[in-house]
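So the protein sequences, as listed, match chains Z and R. With this note's numbering applied, the first sequence corresponds to residues 74 to 256, in that order. With this note's numbering applied, the second sequence corresponds to residues 27 to 302, in that order.
There may be inaccurate statements among the hints.
Unchecked claim - Cβ pair distances, simulated, as ranges:
{"id": "1", "chain 1": "Z", "residue 1": "N214", "chain 2": "R", "residue 2": "F95", "range": "24 to 32 Å"}
{"id": "2", "chain 1": "R", "residue 1": "P193", "chain 2": "Z", "residue 2": "L190", "range": "17 to 25 Å"}
{"id": "3", "chain 1": "Z", "residue 1": "I206", "chain 2": "R", "residue 2": "L219", "range": "25 to 33 Å"}
{"id": "4", "chain 1": "R", "residue 1": "A208", "chain 2": "Z", "residue 2": "L190", "range": "34 to 42 Å"}
{"id": "5", "chain 1": "Z", "residue 1": "L225", "chain 2": "R", "residue 2": "S38", "range": "21 to 29 Å"}
Hints in this document: simulated from the structure, not taken from any laboratory. Note that beta-carbon positions come from the ideal geometry of N, C-alpha and C, so glycine has one too.
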Amino acid sequence: MKNNSVKTIVAIGIGAALFFVLGRFVAIPSPVPNTNISIQYGLLAFMAAMFGPAAGALIGLIGHALIDFSYGWGIWWSWVIASAVFGLLIGLVSKRLSIADGVFGKKDIVTFNIFQLVAHAIAWGVIAPVLDIVMYAEPANKVFMQGLVGGLSNIVTTAIVGTLLCVAYASARPKKGSLKQEK
Amino acid sequence: MRNLFNYIDRPSPIHRLTGATKLVCLLLWSFAAMLTYDTRLLALLPLLSMGLFMLSRIRLRDVRFMLGFTAVFMVLNNLLVFLFSPQHGVTLFGTRHELFSLGGRYVVTAEQLFYHLNLVLKYLASIPIVLLFVCTTNPSEFAASLNRVGVKYSVAYSVALALRYIPDIQREYHDISQAQQARGIEMTRRQSLFKRLRSAAAILIPLILSSMDRIETISNAMSLRGFGKNKKRTWYMGRRFTGWDFAAMALCLALLLAALALNRINGGRFWNPFAA
Numbered sequence: 074m075k076n077n078s079v080k081t082i083v084a085i086g087i088g089a090a091l092f093f094v095l096g097r098f099v100a101i102p103s104p105v106p107n108t109n110i111s112i113q114y115g116l117l118a119f120m121a122a123m124f125g126p127a128a129g130a131l132i133g134l135i136g137h138a139l140i141d142f143s144y145g146w147g148i149w150w151s152w153v154i155a156s157a158v159f160g161l162l163i164g165l166v167s168k169r170l171s172i173a174d175g176v177f178g179k180k181d182i183v184t185f186n187i188f189q190l191v192a193h194a195i196a197w198g199v200i201a202p203v204l205d206i207v208m209y210a211e212p213a214n215k216v217f218m219q220g221l222v223g224g225l226s227n228i229v230t231t232a233i234v235g236t237l238l239c240v241a242y243a244s245a246r247p248k249k250g251s252l253k254q255e256k
Numbered sequence: 027m028r029n030l031f032n033y034i035d036r037p038s039p040i041h042r043l044t045g046a047t048k049l050v051c052l053l054l055w056s057f058a059a060m061l062t063y064d065t066r067l068l069a070l071l072p073l074l075s076m077g078l079f080m081l082s083r084i085r086l087r088d089v090r091f092m093l094g095f096t097a098v099f100m101v102l103n104n105l106l107v108f109l110f111s112p113q114h115g116v117t118l119f120g121t122r123h124e125l126f127s128l129g130g131r132y133v134v135t136a137e138q139l140f141y142h143l144n145l146v147l148k149y150l151a152s153i154p155i156v157l158l159f160v161c162t163t164n165p166s167e168f169a170a171s172l173n174r175v176g177v178k179y180s181v182a183y184s185v186a187l188a189l190r191y192i193p194d195i196q197r198e199y200h201d202i203s204q205a206q207q208a209r210g211i212e213m214t215r216r217q218s219l220f221k222r223l224r225s226a227a228a229i230l231i232p233l234i235l236s237s238m239d240r241i242e243t244i245s246n247a248m249s250l251r252g253f254g255k256n257k258k259r260t261w262y263m264g265r266r267f268t269g270w271d272f273a274a275m276a277l278c279l280a281l282l283l284a285a286l287a288l289n290r291i292n293g294g295r296f297w298n299p300f301a302a
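Sequences and hints are given; from them, build the entire structure.
Below, the structure is given as structure tokens:
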């Protein structure tokens, strides 16, 4: 398994770079003015489903922290940690899926989306607002409102972008057992 | 290629500190600013960071854009806090001094204004120091510093890889996006939301597939060179600590201790001038 751990390290690095580029430079306008859709969470969900919880958590942590760094507005730790928690939670789905073997059917789509729903709900509905209150002593109804809006839009983007990515990658992989030895 | 992380190379005492020192200082400082709501300490920190800025020879012109960004963010956040919870200060400080009313439940109190002052000071205490860190730390040295402060080198190496590949992936994203747009994909406001997300996926899929290949190539190259075989590794950009490094870390540790001490003295995170 030695090779695998090197692969995870590289996946974290490249995943964080992708997360950064998507989060920083790819602006898709949303119906609400001045808010952009963050498709990086779709990517994070996909990477975590491929490489597991540790990779998911670190991609979220490093990617989000780098975005905050590059804006220079200070690191908003509570939301950075929420990103990491989302990556960690959705990484737990990786044991139930085998996207790398080219398998991602209807049942897997449902599993993936249930996991992402729960992970987003915990990350933005609980972790981010609670940390905002603990760290910055902000009023509860304001942070829960922000978490709700952010969480809902993230759930929609992850459902569409994340699922499409998993389907596309699985179909591009050779199926496990697709080769047979000639007798 | 535009400089992403705004590193500005100028000879100054701050630049001469090692990256690891600056990282430790940043963490200690951030924790101090995060923990305390004592107005006196929160007022001291921005003054101190202003002094550090002068010492680092970073000019206002260099960071004007980012400071503007921060200011907008700060104003918006304050407005939101007031809109959602106009009496937050009253619940925090336990007294009520009404000043004037804006109609309905929006009665402006001295406590609320004081809470907003604290909030603004908190931004001023915690944000410029990050800016200073970003402007004075060479990104290549950053990964080495992470390892130095105790982060496992495999994780530090992931950060180094991310920093190394951000420009490549950015270029690739740009190429794919241009190619797909030439084939008629649109991501502007004229499309419906669902279509916009689908077109985003159309760009993402080639990007992800090529990135997965990239992961394969890089990890094979690293395994072939025996990465991860030893418990430790050295860094090309790593530097030794000097006396100044220890002095800087001691100063920031003192700030953190002051924040902790004030929390105890005030019997809570807030300094309450209304109690007397």
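Evaluated hints:
no., hint, in the structure
1, N214(Z) - F95(R): 24 to 32 Å, "holds (26 Å)"
2, P193(R) - L190(Z): 17 to 25 Å, "violated (35 Å)"
3, I206(Z) - L219(R): 25 to 33 Å, "holds (32 Å)"
4, A208(R) - L190(Z): 34 to 42 Å, "holds (36 Å)"
5, L225(Z) - S38(R): 21 to 29 Å, "violated (46 Å)"
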